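Sequences and hints are given; from them, build the entire structure.
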Amino acid sequence: MNILTFDIEEWFHLLDHKSTRTAAEWGRYESRIHANMDRIFQLLADTNCRATFFCLGWVADQHPDVIRRIDAAGYEIATHSYAHQLAYEQTVTEFRDDLERSIKALQDVTGKPIRAYRAPGFSIKFLNRWVFPILVENGIEIDCSVFSARRAHGGDTAFGIGQPAIIDVDGYPLKEFPINTVPLLGQDMIFSGGGYFRLLPYPMIQRFTRQSPYVMTYFHPRDFDPAQPMIEDLSLTRKFKSYYGLKGCLPKLKRLLTDFEFIDVSEADRRIDWSSAVRKSWELTPTPV
Numbered sequence: 000m001n002i003l004t005f006d007i008e009e010w011f012h013l014l015d016h017k018s019t020r021t022a023a024e025w026g027r028y029e030s031r032i033h034a035n036m037d038r039i040f041q042l043l044a045d046t047n048c049r050a051t052f053f054c055l056g057w058v059a060d061q062h063p064d065v066i067r068r069i070d071a072a073g074y075e076i077a078t079h080s081y082a083h084q085l086a087y088e089q090t091v092t093e094f095r096d097d098l099e100r101s102i103k104a105l106q107d108v109t110g111k112p113i114r115a116y117r118a119p120g121f122s123i124k125f126l127n128r129w130v131f132p133i134l135v136e137n138g139i140e141i142d143c144s145v146f147s148a149r150r151a152h153g154g155d156t157a158f159g160i161g162q163p164a165i166i167d168v169d170g171y172p173l174k175e176f177p178i179n180t181v182p183l184l185g186q187d188m189i190f191s192g193g194g195y196f197r198l199l200p201y202p203m204i205q206r207f208t209r210q211s212p213y214v215m216t217y218f219h220p221r222d223f224d225p226a227q228p229m230i231e232d233l234s235l236t237r238k239f240k241s242y243y244g245l246k247g248c249l250p251k252l253k254r255l256l257t258d259f260e261f262i263d264v265s266e267a268d269r270r271i272d273w274s275s276a277v278r279k280s281w282e283l284t285p286t287p288v
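Numbers 0 to 288, taken from numbering that gives the first Met the number 0, label the letters of the sequence shown in order.
In case anyone wonders, no lab produced these hints; they're calculated from the structure. All values reported here derive from a predicted model rather than from experimental measurement. Glycine included, C-beta positions come from ideal geometry on N, C-alpha and C. Any given hint could turn out to be false.
Ranges of calculated distance between the beta carbons of each label pair, as one might list FRET restraints [what the hints assert, rightly or not]:
| hint | residue 1 | residue 2 | range |
| --- | --- | --- | --- |
| 1 | Ala44 | Tyr201 | 16 to 24 Å |
| 2 | Asp107 | Ser280 | 29 to 37 Å |
| 3 | Glu260 | Met203 | 16 to 24 Å |
| 4 | Pro63 | Leu184 | 41 to 49 Å |
And the structure:
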């Protein structure tokens with residue numbers, strides 16, 4: 000089962016960086032989302048693929064036409080938060096307010112309920128698993144935030160899952176679609192999205208996809224925009240992570256979508272026999288006062 004998803008945000012929505020941190024800084028940068036979305040829509044048309052779009056509420060407010068176009072094409076819309084902030088840096092009140100605001104912004108445009116969520120940067124760690132009950136309280140049925148490997152933002156290796164599972168949240172079954180990994184040289188390797196996908200050669204991605212019973216992809220509009228400006232105050236490491244492989248990402252993904260079948264999150268949800276899925280009452284960290 001291979002699942003195709005896109006995180007819909009602007010090219011300057013880089014996490015954990017002073018000059019791109021909040022909306023107060025975003026006004027300094029040109030918008031490139033329309034041209035970048037054109038590439039995604041053309042890709043999906045060329046490959047006849049369905050996808051789930053995890054959209055920022057901020058995008059819904061600033062560019063409602065983008066959300067309307069996704070919805071009009073029949074693609075599934077989910078939330079990627081409102082203001083693209085790291086969840087583990089937020090207080091409980093900040094997280095709840097941001098989530099509620101994102102859901103309202105998206106529902107106001109589409110008139111449809113939002114049932115799936117992905118945290119910016121997969122920023123759910125052991126210490127902020129308290130977010131799961133808040134998701135449930137707000138009608139979220141599916142979470143796609145677990146990144147069970149080490150990474151700069153987020154990462155919760157203690158989850159120990161690489162396949163769809165049920166998180167028991169006070170008796171409520173929250174369906175979890177984590178990022179998948181493959182073992183390589185004793186480490187858990189990520190290959191199915193973002194900078195990892197841009198960095199790896201296609202034959203390696205093809206091989207990993209073929210040997211994986213479950214693949215969860217994630218891409219951003221900026222991944223397909225080699226002409227985007229350079230944010231100059233990034234460190235050399237961040238520049239490499241953010242800009243390497245942009246030119247080849249679109250044709251690489253088009254080849255992958257041609258070589259393998261991909262579905263959206265809703266279709267994956269329908270195909271899974273949840274009664275036999277891994278189900279754990281994982282330790283949820285207490286909600287801070």
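Which numbered conditions among the earlier hints are violated in the structure presented, ordered from lowest to highest? Per hint list: zero violations.
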